[in-house]
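J.: So you can see what is in the structure, the chains are spelled out below.
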Amino acid sequence: QKEVEQDPGPLSVPEGAIVSLNCTYSNSAFQYFMWYRQYSRKGPELLMYTYSSGNKEDGRFTAQVDKSSKYISLFIRDSQPSDSATYLCAMTVTGGYQKVTFGIGTKLQVIP
Amino acid sequence: EADIYQTPRYLVIGTGKKITLECSQTMGHDKMYWYQQDPGMELHLIHYSYGVNSTEKGDLSSESTVSRIRTEHFPLTLESARPSHTSQYLCASSEEAVDEKLFFGSGTQLSVL
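Respectively, the protein sequence lines represent chains A and B. Heads up: the first sequence begins at 91 in the working numbering, then just goes up one per residue. Heads up: the second sequence begins at 200 in the working numbering, then just goes up one per residue.
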């Protein structure tokens with residue numbers, strides 16, 4: 091069983107829709123949770139970074155962490171065609187060097 | 200502008216050739232990493248470095264080698280390329296205090312014929 095499970099999609103939504111992307115994980119020691127966005131033929135870029143449980147909002151993006159359910163989400167409000175990309179969840183145990191474990195990525199397409 | 204650069208972006212090469220993938224960063228980060236990414240698969244760490252003269256193997260076994268002679272430079276070398284080495288190679292770096300925030304280059308897409 092993979093430590094991090096993520097539906098690869100693809101997910102197609104109309105422009106303006108609310109998008110929900112999710113990951114589940116099995117390692118209860120994970121404490122740092124990240125979302126990376128990767129455009130085609132580019133490297134991933136950090137989008138959201140959360141420590142432990144709770145919500146974090148940044149513009150149209152909201153990251154949620156539910157450690158009791160081992161479930162994290164990324165919500166995108168008012169989705170735009172420029173949001174079309176692959177979204178990778180990532181997580182790690184603690185600070186100091188620890189391996190960052192990535193999900194497989196969900197491919198999102200926002201249709202104008 | 201602080202950034203992380205990878206060259207070449209694309210490389211098509213024959214079996215048995217020696218290749219070096221270049222990675223440089225201008226952010227002064229001590230920690231650097233090489234990841235391998237295949238279609239439909241997770242990113243897998245193949246090498247990392249804590250600083251000059253420090254190199255370690257990652258989780259995914261790789262026949263490649265790395266060196267870290269200068270802080271800003273972290274090249275990856277394959278002595279004899281094989282078709283099984285065909286993949287996307289991503290270089291990344293992170294700040295000393297916040298390892299989890301990785302800054303990635305645009306990657307090198309390697310095809311070995």
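Think of the hints as simulated: they come from the structure by calculation, not from any bench. Glycine included, every Cβ here is placed at the ideal spot set by N, Cα and C. Some hints here could point you the wrong way.
Taking lysine-lysine and the DSSO-like style, the derived pairs with C-alpha atoms no more than 30 Å apart in a straight line are [as the list claims (entries may be wrong)]:
(1) K197/A x K230/B
(2) K256/B x K300/B
(3) K132/A x K256/B
(4) K256/B x K217/B
(5) K92/A x K157/A
(6) K230/B x K160/A
(7) K146/A x K256/B
(8) K230/B x K256/B
(9) K92/A x K300/B
(10) K132/A x K146/A
(11) K132/A x K189/A
(12) K92/A x K197/A
(13) K217/B x K160/A
(14) K217/B x K157/A
(15) K300/B x K189/A
Simulated coverage check for chain B against chain A, where a stretch passes if three residues somewhere in it have a Cβ under 8 Å from a Cβ of chain A [what the hints assert, rightly or not]:
(16) 231-242
(17) 259-269
J.: Straight-line Cα separation of K92/A and K157/A no greater than 30 Å?
T.: 17 Å, holds
J.: Regarding the pair K146/A and K256/B, is the alpha-carbon distance no greater than 30 Å?
T.: 34 Å, violated
J.: Taking 30 Å as the top limit, are the C-alpha atoms of K256/B and K217/B close enough?
T.: Roughly 20 Å between the alpha carbons, so the hint for K256/B and K217/B holds.
J.: For the pair supplied as a hint, K132/A and K189/A, is the alpha-carbon distance within the 30 Å limit?
T.: 22 Å, holds
J.: Is the straight-line distance between the alpha-carbon of K132/A and that of K146/A 30 Å or less?
T.: 25 Å, holds
J.: Is the Cα-Cα distance between K217/B and K160/A 30 Å or less?
T.: Violated. K217/B to K160/A sits at ~44 Å, over the 30 Å cutoff.
J.: Keeping to a limit of 30 Å between CA atoms, is the pair of K300/B and K189/A held or broken?
T.: 12 Å, holds
J.: Given the hint that K217/B pairs with K157/A, does the C-alpha gap stay at or below 30 Å?
T.: Answer violated: K217/B to K157/A is near 46 Å, above 30 Å.
J.: Quick one, are K197/A and K230/B close enough, alpha carbons at most 30 Å?
T.: Satisfied, since the Cα-Cα distance of roughly 29 Å is no more than 30 Å.
J.: Is the listed coverage of the region 231-242 of chain B by chain A valid when you require three or more residues with a beta carbon under 8 Å from a beta carbon of that chain?
T.: Holds, because 4 residues of the region 231-242 of chain B bring their Cβ atoms closer than 8 Å to Cβ atoms of chain A.
J.: Can you confirm whether the C-alpha distance between K230/B and K256/B stays at or below 30 Å?
T.: The given pair, whose Cα atoms are some 14 Å apart, holds under the 30 Å limit.
J.: When you check the alpha-carbon spacing of K132/A and K256/B, does it fall within 30 Å?
T.: The given pair, whose Cα atoms are some 24 Å apart, holds under the 30 Å limit.
In summary, the structure is inconsistent with hints 7, 13, 14, 17 from the numbered list given earlier, while agreeing with the others.
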